[in-house]
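So the sequences go chain by chain: S and F. Taken in order, the first sequence gives residues 1 to 421; the numbers are from the working numbering. Taken in order, the second sequence gives residues 1001 to 1256; the numbers are from the working numbering.
Calculated from the structure, these hints are not laboratory results. Keep in mind that the hints are not guaranteed to be accurate.
[As the list claims (entries may be wrong)] Which stretches of chain F does chain S cover? Using the computed rule of at least three CB atoms under 8 Å from a CB of chain S, they are:
#1 1008-1015
#2 1026-1037
#3 1179-1190
[To be verified] Within a straight-line C-alpha distance of at most 30 Å, the following computed DSS-like cross-link-like pairs (lysine-lysine) qualify:
#4 Lys-1050(F) x Lys-139(S)
#5 Lys-80(S) x Lys-340(S)
#6 Lys-157(S) x Lys-45(S)
#7 Lys-157(S) x Lys-1034(F)
#8 Lys-139(S) x Lys-1034(F)
#9 Lys-80(S) x Lys-45(S)
#10 Lys-1243(F) x Lys-157(S)
#11 Lys-1050(F) x Lys-157(S)
Note that the structure is predicted; figures quoted are calculated from it, not measured. Ideal placement from N, C-alpha and C gives every residue a C-beta, glycine not left out.
Listed here are the chains, written in short residue letters.
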Amino acid sequence: MSKVEPGRVREDEHLIVEGMDISGHWNRMFEQRVLWSHDTGPLEKLTAITGAESLAYCYQCGKCTSACPVDSVGSYSPRKIFRKVQTGTDLLTNPDLWLCTTCANCLRVCPKEVNMISIMPALREVAVTEANVPPELQKAFENTFQHGNPLGEPARKRADWVAEAGAPATILPRERRPVDVLFYVECYWSYHPRGRDAARAFARVMEKLGVDWGILGPEEKCSCDSQRLAGERGLFEMLAEQNIRTLAKYEFSRMVTSDPHAYNALRNEYPKLGAEYPIQHYTQFLAPLMGQLPWKRRLDYKVTFHDPCYLGRHNGEYDAPREMIRQIPGLQFTEMFRCKANGYCCGGGGGGMWLDSFTGNHVTERLSERRVREAVETGAEMLVVCCPYEVSRFEDAVKSTGNEGRLLVRDVIELVDEALR
Amino acid sequence: MHIAVVVKQVPDLVEELEVDAAGTGLDRAWVKMKLNEFDDHALEQAVLLKEAGGAQVSVVALDGEGIDQVLYAAVARGADRALKVDAGTQEPLDSRRAATALAGAIRDLGPDLVLTGVQAADDLFGQMAPFLAAELGWPHVSVVSQVEVAGAAVRVQQEYAGGRMATLEVDLPAVIGVQAAPQPPRYVPVSRLRQAMASGALETATAGAGAGTGGAAVTQLAKPEAGRGAEMLTGSPDQVAEKIEALLRERGLLRG
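Given the sequences, and given the hints that come with them, work out the whole structure.
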């Protein structure tokens, strides 16, 4: 892309093209437009970075602006990012670099395939290499490096949740044997108090189903997908290599995980490092088995459901969690207006989980708060989720939007467990 | 300008610490070690000086479990050389013994300035910098929050109680105990760390005779005993305020 010299553009007062007189003021659209007055250097600098090339494809149609969740609470969207860069913003040192949650709704509608899921991690990697990282995110990176989880919890306590599950879970490093299902618990189900509730519910449901399953316990480390998307590719590669080595020590016939981000990593990213696994999200594993469960009670709740971006748009699974909701006796289900392929983002993806205060300074409200309002509007009394990031995000948002007592947030596995008691 | 940064590891308090069976040390089976945060600031200060006016930065540590990664991280952060000093033990030494063990290697390195953390979790008296200075026979300033080069001296900001600061000039060579760098320690990207590890450029030195002697012997290490608990004042805000006032008067903490 090079600058067009204004002198090279000719404007004629009268012009006849192929016998047609097209004279008139409207042909002033051929005038130099304002964008030529800006240096294209900053844009070319970014699009020269491997992975960020497609930013150059944007032709400013603006379809992404109506799809971008961050734009609905601020002034964002890929079209706007492109324009800001075109007019001189250095994205590598601008807060905008960190606001994208890589939810992929823009890519879904983009006619030019401007791929922010590739662009943002590539640009962030350059910023990270220059040690330009928001402090909150830096802490999550350092915790992941030091302890194998972004929460900064001790590695040896990773399987402590099992003790209070009231159902067995085989911790493979302690009890070495082949299992049918290796359950990749991931960090938030391992450590976050509300995540642990879901993990324990999962263990009880697995016991009812008689599945032979085990976990890696203290040897499991973060799958690191969100850290990768937040720009720490070196950290992702290091932990992925460690996880691949650990997984090679144990015998199992398939893998199930709690976390759509881990699912995405194991399904789409680890194979690029030479490790392929038969991996399912737990909703995919459980949906076909729901008919075998000995239901004990009806749950008369009005519920709605939030699609995780990394289960839905990124990996095309919309039906499994809905099938689980359909089969739990008693639930009355209503969709939110933004759902499935057009599902709204909770704000936690792409590193957003660890940028809450930072992002809060650049948006009018959190994405999780906007989403909670949408859930309340459906008349539902419960927001059902199936991603470990979401329970805490939405429970906080219920409080901060003043909806306490009006909306409960539950992982779908908690409802299955409740209906079996 | 050649700056030596002396670093060490301390137990990461994410893990619960247990006293070992002998009752004189930590049970190290589950203890994870990490870089002393004040040493982290000393390193950041050194790298800032390098960026500001050009300097060679050498990072120095006693050998011990996990120290290689700490040294490689320092190289990834901007240190030019990393030196591991073998004092004949993998066990952590107290500051007195560490200073004697390190002094010879530092003298051989010949730096103009030595920076180290003002204190550590196992050196709350902040003895490392003064002991090092005494071993080397150089001037010393501790509790420093900024270092600038001023010709053949450095100008430092020393922190006092009550938020007071002093600006001091110290002739070189000198030893400085760093409380805080002017900016938080920068992030070390894992890709850089791995590059540094792949380069494998650690130098080693052996502590001289007499190194690692002296110091204090720990006779007992124990967890603090829980007190009998706090007294909770109850009642309306006015009643609670009256009780607080009465307590303060009773203990002679209020005038008039």
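Given hint Lys-157(S) paired with Lys-1050(F) - CA-CA distance at most 30 Å: With Cα atoms ~41 Å apart, Lys-1050(F) and Lys-157(S) exceed 30 Å; violated.
Lys-80(S) paired with Lys-45(S) [C-alpha distance capped at 30 Å]: OK: Lys-80(S) and Lys-45(S) at ~18 Å, within 30 Å.
Pairwise hint evaluation, Lys-157(S) against Lys-1243(F), where the allowed Cα distance is 30 Å at most: 43 Å, violated
Hinted pair Lys-139(S) and Lys-1034(F), Cα distance within 30 Å: 14 Å, holds
Pair hint Lys-1050(F) and Lys-139(S), alpha-carbon separation not exceeding 30 Å: At roughly 25 Å apart (the allowed maximum being 30 Å), Lys-139(S) and Lys-1050(F) satisfy the hint.
Given hint Lys-340(S) paired with Lys-80(S) - CA-CA distance at most 30 Å: Status holds; Cα separation ~25 Å.
Per-stretch coverage check for the region 1179-1190 of chain F, three Cβ contacts closer than 8 Å to chain S: Held - the region 1179-1190 of chain F has 6 residues with a Cβ nearer than 8 Å to chain S, which meets the minimum of three.
Agreement of Lys-157(S) and Lys-1034(F) with the hint, judged by alpha carbon distance not exceeding 30 Å: 18 Å, holds
Distance restraint between Lys-157(S) and Lys-45(S), which requires alpha-carbon spacing of 30 Å or less: Cα-Cα ~45 Å, so violated.
Within 8 Å of chain S's CB atoms, at least three CB atoms from the region 1026-1037 of chain F: coverage verdict: holds (count 3)
Coverage criterion applied to the region 1008-1015 of chain F (partner chain S; beta-carbon cut 8 Å; 3 residues): holds (count 3)
When the structure is compared with the earlier hints, violations turn up for hints 6, 10, 11 and for no others.
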